[in-house]
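Protein chains in written order, with the working numbering: chain A, 1 to 590; chain B, 1001 to 1121.
I should point out that these hints are in silico values taken from the structure, not numbers from a laboratory.
Note that this is a predicted model, so its numbers are computed, not measured.
Be careful, since some hints might not be right.
One side of the interface only, derived from the structure: several residues of chain A facing chain B at Cβ under 7 Å [claimed, not checked]:
#, residue
1, GLY123
2, LEU130
3, ARG133
Cβ coordinates follow ideal geometry from the N, Cα and C atoms, glycine included.
Below are the chains, spelled out letter by letter.
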Amino acid sequence: MSKTGIRKTKADQELGKENRRLPKAPTGIQGLDEITQGGFPRGRPTLICGSAGAGKTLLAMEFLIRGATEYNEPGVFMAFEETAPELTQNVRSLGFDLDELAKEKKLVIDFVRIERSEIDETGDYDLEGLFIRLGAALDAIGAKRVVLDTIENLFAGLQNEGILRAELRRLFRWLKDRGVSAVITAERGEGALTRHGLEEYVSDCVILLDHRVIDQVSTRRLRIVKYRGTAHGTNEYPFLIDEDGFSVLPVTSLGLQHEVSEERISTGVPRLDTMLSGKGFYRGTTILVSGTAGTGKTSLAASFVDAACRRGERCLYFSFEESPGQLIRNMRSIGLNLEQWTAKKLLQFHSSRASFYGLEMHLAIIHKIVQEFQPEVVVLDPVGSLIQAGNRRDAQTMMIRLIDFLKQRQITALLTNLTSGGQALERTDVEISSIVDTWLLMRDIELDGERNRALYVLKSRGMAHSNQLREFLLTPQGVDLLDVYVGPEGVLTGSSRLSQESREKAEALARRQEAERKDRDRMRKREALEARIVALRKEFEVEDAEAETASVEYGLREEMIAHNREAISRSRQADLVKDGVDGKRRKGAR
Amino acid sequence: MKKSVRAKEAKPLSLQEIREKNEPASNEVWQLRLYVAGQTPRSVAAFANLKRICEDHLAGRYEIEVVDLMKHPQLAAGDQILAIPTLVRKLPQPLRKIVGDLRDTQRALVGLQIRPAAMGE
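Bound-form chain A, shown alone (with noise of 0.2 Å):
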């Protein structure tokens, strides 16, 4: 319910910004309008062509149902091959209840049966009944919007084709005149687009659709041949018809205009955070996980996926080769319990095999689903298996188209890729590598009979990342990064960063050992030198104690001496030296 008041809120400004040019009639029809600019020419009749099988019916009646629940435009249906009955059955399997909305007098199923066996012509004749009761039909319910399927019919039933040919562009004229937006269908005829050349009469709008079987695939295609007064997209959209309807995807019409995002999420692995400059990837961003079999692709993309409902963000994961059941449990082996995320409705699994649609129907089922869940992340896993659903051109088509829709609604994609054995690490299968944000390459090394995990990041746009090769470790606590040794003999993971890891340890305890000893060394040399400084300072002490003592004997021996002389002089009773013995003598004497 609200999603078709979304659509219809867009659509109306699609309109009001196309009223300035060629007025147009909305189809309501997903893609679409958006392709055509606006719906079908308003007040004209459009043309669909197509071989049997190919959705012009349901296309047609799409148009009307669409204008009369979500545009109020009532509209009728002049069915030439189905009956009223068969027409209510098959539209009921998509969901649209015809019979309540002919109640409700929105809708009018008029079925035209022409009966050739109980016809027969004489004279002249026109197509005046049609006409009325086609007037019939608009007048009773106000109708705006007219389908008539499948007016070829009229030349099954009717035998003079000149009378036919002019009825036809008189009724081309008269539904112009009356200002209804008619849709008539037609087969496609050999080499021409109509069997019986009406796109000779209805020259506003034709619109092709065809359903091609490639490689027992079945692709559905749409394309504008001719639309006067638009400037519609001219390729061939694929487009779907599935439960709720038809849908066209308008993808390649998205361009690069989308916002771009500042705001960085982690990749729910604190050292990959790390190696993106510390804080992960940007929101909106692509980015492309590569590596060969078994390097933990899957796991890396559900501990992102598990990171993101942690922040409460709605995520959708889109498995190409487990079944949800068995991506739960297998992520519960590196203790992700994703299943608390889907049963709080914040994650959606959707597993298919590559190889069960065509690949437009792939991209078809993705964009409803993203349309429906608005996820802020999606994970492909592996996008790579989609070239099994067609070629390699298209696969790729398919992918930028896919990339350019997430990014414009500020999706965070994710995309694994095998790299199959013996390409090159640095290509993708589907060649995106040149449009995906951020690239995780994952491979893995064979050393020591061993076979290890390693990652780098080999570009991610706008931030510094680091240029490390870190070994890819999954534990049961999770995805965890290590740093990796990288020696003469290659890089070292494993046991071998193991054993290299113990080595460098006794090593780094080798080195510490001898660095204490030299220090214990050193101390006691000081220690002996501060003690033989001690021993010499107390040996100078004492021979200096020794001089002194000396000295002082020595002064005391001259003066015994001197004196002994004075006394033996004096006893001798000499003068030899008067002044001297003078004063001595004086002294003496006294």
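With chain A's structure known, arrange chain B on it following the hints.
Same frame as chain A, now just chain B:
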């Protein structure tokens, strides 16, 4: 059904008998309905032509109802009328339709499966 029964009887029939069995009984009333849209020259011509054919071949045992779809457009769906004018033979069964202004009497007779009176007598 009838044919198989006849085949069992294995009784040879004359040409006259076969013709009588296959064709409407001569005393049956023909109900004809002519659909027109307004008083166009073609409608007028169609009615005149029909009237003449009936007078010539079905004198006294026919009814013509003219339906003007301009006045009763809702009646067009009932007999699945597309072309104008259309003559519908309601009775005798089976239902037959002839579109056009009936200007070619021979074709009209073939279409209505009327044995020309001149030939029948």
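Hint check against the structure, violated hint numbers in rising order: none
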